[in-house]
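Trainee: Protein chains in written order, with the working numbering: chain R, 1460 to 1659; chain X, 19 to 374; chain L, -4 to 221.
Treat each hint with caution, since some may be false.
Unchecked claim - Keeping only pairs whose Cα atoms sit at most 20 Å apart, straight-line, the calculated EDC-like set for lysine to aspartate or glutamate is:
| # | chain 1 | residue 1 | chain 2 | residue 2 |
| --- | --- | --- | --- | --- |
| 1 | X | Lys367 | X | Asp348 |
| 2 | R | Lys1499 | R | Asp1627 |
| 3 | L | Lys38 | L | Asp98 |
| 4 | X | Lys304 | R | Glu1618 |
| 5 | L | Lys38 | L | Glu86 |
| 6 | X | Lys304 | R | Asp1567 |
As the list claims (entries may be wrong) - What follows is a set of in silico ranges between Cβ atoms, one per label pair, in the way DEER data are often shown:
| # | chain 1 | residue 1 | chain 2 | residue 2 | range |
| --- | --- | --- | --- | --- | --- |
| 7 | L | His7 | R | Lys1558 | 42 to 48 Å |
| 8 | X | Tyr325 | R | Gly1592 | 25 to 31 Å |
| 9 | R | Arg1494 | X | Phe111 | 41 to 47 Å |
| 10 | X | Arg360 | R | Pro1520 | 51 to 57 Å |
| 11 | X | Leu70 | R | Ala1544 | 56 to 62 Å |
| 12 | R | Arg1494 | X | Arg366 | 47 to 53 Å |
| 13 | R | Ala1544 | L | Arg172 | 33 to 39 Å |
What the hints assert, rightly or not - Which bits of chain X does chain L cover? Going by a derived footprint, with three or more residues having C-beta under 8 Å, they are:
| # | stretch |
| --- | --- |
| 14 | 116 to 128 |
| 15 | 147 to 155 |
Hints in this document: simulated from the structure, not taken from any laboratory.
Quick caveat: nothing in here was measured; it's all calculated off a predicted structure.
Just so it is clear, CB atoms sit at the ideal spot from N, CA and C, and this is done for glycine as well.
Each chain, written out:
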Amino acid sequence: MNLLNDFLLIVLSAIVLQNAIFTRGFGASRGSLMRTSSRKILQFGCALTVVATVAALLVWPVQLLLRDRLEADVQLIARYAATLAGICIVYIAIWLLTKYCFPIIHYDIRGLLSNAAFNSATLGSLLIAFSGGYGLIQTVGFALGSGIGYTLAVLLLCEGRRRIALSDVPRAFRGVPVMLLYAGILSLAIYGLIGHQLPT
Amino acid sequence: MKLSRHPAPHIRHQENNRTLMSDVLILLMVLMVLAYLFYGLRALAVCGVSVLTAVLTDAACTLLRGRRLNLFDLSPVVTGMLIALCMPATVSFKIVAAAAVFAIAIAKHPFGGLGNNLFNPAASGISFAAICWPRLVFVYPMPFAKIGVLGTVAANATDYYYTYSSVNVQGIAQEVSLRLYQNPAFVLKVGGVPTNDLTEMLLGNYPGPMGATNILVLLTCLVYLLFRRTVRWQMPLPFLGTCALIAFLFPRTGQSGLRSVEFELMSGLLLFGAVFMISDPVTSPKRDSAYFIYGIFAGTITMAFRYFGGFEESMPFAILLANAFVPLIDRYNERLHRLIRRKQLESRKNQNLQEA
Amino acid sequence: MNLAKIRTYRKHSRWADGLFWKNPVLVGGLALPLAIIVSHNLKSAVAISILMACSLIPTVLFALLIGRRLPQWIASMLYAVVALALVLVSEPLILPIAPGMSDTLGVYLPILSVNTVLSTLCARCASKRVRPFLMVVDAVVYSAGFALAMALIACVRELFGSNTIWGLSVKFPIRTRGMQIAFAGFILVALFGALFRALHRGMVALLCRRSRPKAETAGQPSGGSL
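Excised from the complex, chain R in its bound form (with noise of 0.2 Å):
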């Protein structure tokens, strides 16, 4: 019970307080903000889930042996390197797997995998947790709260953007700078949940 409601809370928390995009900036980029379809981006996000939540199952035994046996200064190296060597055997296996067991999901997420896999909020949360020193349990629910979070996040955009494009933004604004405007006024609105312990 007691590992349940920390795992639910750590999940909560990544969701809102350390999400993805609104307060760390991760997987920010043009894709996620112009996205149109509600449908890619569930797509997309379900991948992106995916891949970090069994990442990171399988990296955190891997460095938890690098913390007790490394120096300090090799072990950052070590376990960037393990981070990203543990999303390519995901990714890999993913992509196999599919190919010969599923093909239709395979079809479907043929073109969006690498982007997921390879993207800044797989990477990032996986490595936060790990820097964290949480449990496998956190770290797990880290991850997953992380892809939650950003497919949340990226489908709140998205329906910001439709309602951007009926209004009349100025030429210059158009596109991507209005849209970062949006996400910036939402990511203040978090940080006010977040309050005076702010980082900086």
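Guided by the hints, dock chains X and L onto chain R, whose structure is given.
Mentor: Here is chains X and L on its own, set in the frame of chain R:
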């Protein structure tokens, strides 16, 4: 018969942007006079700086976009007044001006100006000021205290309090913390039970934002706006109801439910936001039923921000977040209405078929 | 309107496009995590720009080498791996700026290996129509453009945030810690992007007007089409 040769929207209703804004502006003037009674000329100076900055920025942005100036557009004045009335009277002019510039130049014009802005400009201006200078925006002077009209006044004292509280500048620190602990929003955030008297709270005689403390006047404003139909009842009332319900069910720090409702609704910017910011016609949904959903949603978010947020005053942030969900609410509400309509048509068609 | 004139302008401006009118960060909207978070002071902005150049240019060379030979899905994985290796190897280059720089950058250091400037440029290498020389030019110019954008944003944020530039204190009336938070990054990138586009539009309009004084300048291809 009179023929009109204008293109499509033939608006015969007397209500337009100017009447809506002037309705709100009259009420804000009343609040400003009250602030003057409580805090002296300083209150008027803060309002003046805020309004002037907002109007000038609005004019500059309009010209930059290559539009013609509309001298009768009262919306920047309303934005400026709202920003000023949510601040303490001791706030430095720089902060108010920065908030007004942010509200107009970042949250309003890049999104397409009046009628197109997705976020309430005043709420975003206040949130910007709160994020950037939390130490100066959330510390309020006592009512009827003597405050100089110009320059930075007691703001300095609060800065001392936060910077040197470990070094112990005893007198100032004690004085400021005394003032902080008379503000119910702060006390609730810290986890205490406010000790303010009920009549004092109704009359607004405690340290707080300039225009948002006088609960009785604010309620009168709400009634006036509802009566004038500037604001539909479907928005503020569900909002307040949701807030009250949540406060009743989950009281903070061991009060009885009713006491909790009383303090939550009366403390901070909640009622002010419900009257003037939630009901902003630009950033609210389109249909009446959507208003209802929006009110409930905004109430839930506001209470969540109050319970889990880091600041004692989180109303503007909650409004921004609620505004972001308005397009979503609108879209699904429209879809629901279409579904109902289609069902009705189908049933009518079936009836006709059966009769025939 | 004078199409020939615009064509020559386009031809010559290609060399500097990545720096200004097609700036990867401000106009293209790429590599935003770095531009939003890391640009809180000038030193880390410069450090990350150096690392960006060090990893981007060799990775594009690598992509030109293998991009057409391997299937896309394997290649995109290899780019990330190569870029991470390059970032880690060139990390000592930024240590002279400030001793604890790589700690300050923290998680954003490895993030460089998966940034979108890199992935878009490398993905472009796979097509048969690109000229390798121009790709390398693009890589160099994009790194320069990234550095320019980062420096601009970082200057503003550092000036408003802590009243310093490159660690030296400057007299400035406004000071707020708020400018160092993520939301300021979002808003500044947006404002600078809009500014660059407006400047570009103005320049193209000016160019046309000079060729035919009374011609209307409507309908110009501009940054707005991006």
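Trainee: Does Asp1627(R) sit within 20 Å of Lys1499(R), going by the straight-line distance between their CA atoms?
Mentor: Distance ~27 Å between Lys1499(R) and Asp1627(R) Cα, so the pair is violated.
Trainee: Does Asp348(X) sit within 20 Å of Lys367(X), going by the straight-line distance between their CA atoms?
Mentor: 28 Å, violated
Trainee: What's the verdict on Lys304(X) and Glu1618(R), does the C-alpha distance respect the 20 Å limit or exceed it?
Mentor: Roughly 16 Å between the alpha carbons, so the hint for Lys304(X) and Glu1618(R) holds.
Trainee: Quick one: are His7(L) and Lys1558(R) within 42 to 48 Å, going by C-beta?
Mentor: 47 Å, holds
Trainee: Under 8 Å between beta-carbons, do enough residues of the stretch 116 to 128 of chain X, three at least, approach chain L for the coverage claim to hold?
Mentor: holds (count 3)
Trainee: Hint says 33 to 39 Å; check whether the CB-CB distance for Ala1544(R) and Arg172(L) agrees.
Mentor: Holds, at about 38 Å.
Trainee: Lys38(L) and Glu86(L) were given as a pair; does the straight-line alpha-carbon distance stay at or below 20 Å?
Mentor: 14 Å, holds
Trainee: Could you tell me whether the CB distance from Arg1494(R) to Arg366(X) stays inside 47 to 53 Å?
Mentor: 41 Å, violated
Trainee: Holds or violated: the stretch 147 to 155 of chain X covered by chain L, criterion of 3 or more residues with Cβ-Cβ distance under 8 Å?
Mentor: Coverage by chain L holds here, the residue count being 3 at a Cβ distance below 8 Å.
Trainee: Given the hint of 41 to 47 Å, is the C-beta distance from Arg1494(R) to Phe111(X) inside that range or not?
Mentor: 43 Å, holds
Trainee: A range of 56 to 62 Å was offered for this pair. Does it hold for the Cβ distance of Leu70(X) and Ala1544(R)?
Mentor: 60 Å, holds
Trainee: Within 51 to 57 Å or not, the Cβ separation of Arg360(X) and Pro1520(R)?
Mentor: Holds - the Cβ-Cβ distance for Arg360(X) and Pro1520(R), about 56 Å, lies within 51 to 57 Å.
In terms of the numbered hints stated before, the structure departs from hints 1, 2, 6, 12, listed from lowest to highest.
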